[in-house]
Amino acid sequence: MREIHVNEIINAVRDLCIEANYYLNEDIKNAFLKSRDEESFKLAKDIMDILIKNAEIAKNENMPMCQDTGMTVVFLEVGQDVHIVGGNLNDAINEGVRRGYIEGYLRKSVVKDPIDRENTKDNTPAVIWTNIIPGDKLKITVVPKGFGSENMSQIKMLKPADGVEGVKDFVLKVVKEAGPNPCPPIIVGVGIGGTFELSAYLAKKALLRPIDKRNENPFYAKLEEELLNLINGLGIGPQGFGGRTTALAVNIETFATHIAGLPVAVNISCHATRHAEKVL
Amino acid sequence: MIRITTPLTDDVIKSLKAGDSVLLTGYVYTARDAAHKRLVELIKAGKELPFDIKGQIIYYVGPTPAKEGQPIGSAGPTTSYRMDPYTPALLDKGLKGMIGKGKRSGEVIESIKKNCAVYFAAIGGAAALTAKCVKESTLIAYEDLGAEAIRRLYVEDLPLVVVIDSEGNNYYEIGQREYLSSLK
Chain A
378 MREIHVNEII NAVRDLCIEA NYYLNEDIKN AFLKSRDEES FKLAKDIMDI LIKNAEIAKN
438 ENMPMCQDTG MTVVFLEVGQ DVHIVGGNLN DAINEGVRRG YIEGYLRKSV VKDPIDRENT
498 KDNTPAVIWT NIIPGDKLKI TVVPKGFGSE NMSQIKMLKP ADGVEGVKDF VLKVVKEAGP
558 NPCPPIIVGV GIGGTFELSA YLAKKALLRP IDKRNENPFY AKLEEELLNL INGLGIGPQG
618 FGGRTTALAV NIETFATHIA GLPVAVNISC HATRHAEKVL
Chain B
31 MIRITTPLTD DVIKSLKAGD SVLLTGYVYT ARDAAHKRLV ELIKAGKELP FDIKGQIIYY
91 VGPTPAKEGQ PIGSAGPTTS YRMDPYTPAL LDKGLKGMIG KGKRSGEVIE SIKKNCAVYF
151 AAIGGAAALT AKCVKESTLI AYEDLGAEAI RRLYVEDLPL VVVIDSEGNN YYEIGQREYL
211 SSLK
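So the protein lines, in turn, are chains A and B. Numbering-wise, the working numbering puts 460 at position 83 of the first sequence, and it's gapless, one number per residue. Numbering-wise, the working numbering puts 137 at position 107 of the second sequence, and it's gapless, one number per residue.
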């Protein structure tokens, strides 16, 4: 049994909140550069150039890339041989978020109650997903999720008869309806299978995978590429002003499902799709 | 590149066409969901607004906190459709321009035409770059709303794209159509 003190967790979460909001991930930066070079439309090219410059300014001046520093989603992979000491795990995560958002000059965007809407003033509580896995490590992934794109996400319980064509139609419908709203070029997280709530979880989890890595299953890897091509044929383009790059990637995650069902969730994410991770 | 300054005159507004890239200099007022709700409640109650809205521009933004010595933190646009239920009432009161990102309702587009106004998009997500254009920030109202308070910003050369012009042309439709027809 390996002991990890909550103070280590607090510090890690604090740092990850700041890192994810200030620094664009390398896979996405590369996709920006490729898109800028490949766009035939001048305005589309100019937009990609602005997004590249924005990431450079944020990095050089240690400031958030986007003013919507998100609701903080935290994925934990807890090794079953880890013993957390010194306090409660969820409290430690929230304390890390509190410190990260206050000390990192990040925007506090969370309201305590969805109807009453009073701001909690420290961006807590985080949405925390915990998975117990073999081993004695603790992996923390922080995903600050902006709501311009979150609001454009949808879920649908398809019929088994709808099959892969039904999945494709639904993903395209969601992207079309989102149009310019979620700050395209977007990254499309798709969860297929499981139950109602698991498909949504898978769609969010799909956004954690680097965009230059395809699904390990060749069928879904091909489907990711096919969907990306279809989406980039819509013409929405960077910021919705017209162009090829409507999406930078489609990431699909799947799970077994019931004989009567085919749940599909589409979690739309903006061009920055921020996430940072650390293993303790 | 077209350079424009606030307050916008009707002549300038009429000269702007959907798809124009512009650099804006001058004062704009920030407001998003919660501030819009309060402004429209004041209008309904027949009360004065906390600033003279005639001829002004509202920027839909909730910035990150400013670091010491800086006027503002990161300050890109938020998605505009959430302000749609409130926008026609503000345009009727003399508002001339909105800066945000994303689609607007048919009602808002009609109100833009009726009131000779204009809807600009700032570059969504380019919030660090946008912050560099903000030279001054003054709190005007609703401090209790935090990031959602109304502030008056002085911006210099803020990069914008005209999305809906005073004739109701919508660049989100035009740009996509032009791109697709360029492939044929």
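By construction, these hints were calculated from the structure, which means they are not laboratory data. These numbers were taken from a predicted model, which means no experiment stands behind them. It is possible that part of the hints are untrue.
To be verified - Short derived list, chain B residues pointing at chain A, Cβ under 8 Å:
1. T55
2. V91
3. G99
4. G103
5. T109
6. K133
7. L159
8. K162
9. C163
10. G198
11. G205
12. Y209
Just so you know, even glycine gets a beta-carbon here, dropped at the ideal spot from N, CA and C.
Each hint, compared with the structure:
1. With 8 Å as the threshold, the beta carbon of B/T55 stays out of range of chain A, its nearest partner Cβ sitting at about 18 Å, so the hint is violated.
2. At its closest, the beta carbon of B/V91 sits 6 Å from a beta carbon of chain A; the interface hint therefore holds under the 8 Å criterion.
3. Below 8 Å, beta-carbon pairs count as interface contacts, and B/G99 has none with chain A, the closest being about 12 Å; its hint is therefore violated.
4. With its C-beta approaching chain A no nearer than about 6 Å, B/G103 sits inside the 8 Å limit, and its interface hint holds.
5. The interface hint given for B/T109 holds, since its Cβ lies 5 Å from the closest Cβ of chain A, which is under the 8 Å cut-off.
6. At its closest, the beta carbon of B/K133 sits 6 Å from a beta carbon of chain A; the interface hint therefore holds under the 8 Å criterion.
7. Contact between B/L159 and chain A, as hinted, is supported at the beta carbon level, the nearest pair being about 4 Å apart and thus within 8 Å.
8. At its closest, the beta carbon of B/K162 sits 7 Å from a beta carbon of chain A; the interface hint therefore holds under the 8 Å criterion.
9. Hint on B/C163 is violated. Least Cβ distance to chain A is approximately 11 Å, over the 8 Å limit.
10. Given the 8 Å rule on beta carbons, the hint for B/G198 is violated: about 17 Å separates it from the nearest Cβ of chain A.
11. Hint status for B/G205: holds, given a least beta-carbon distance of 3 Å to chain A, under 8 Å.
12. Interface restraint check: B/Y209 against chain A, minimum CB-CB distance 3 Å, threshold 8 Å, status holds.
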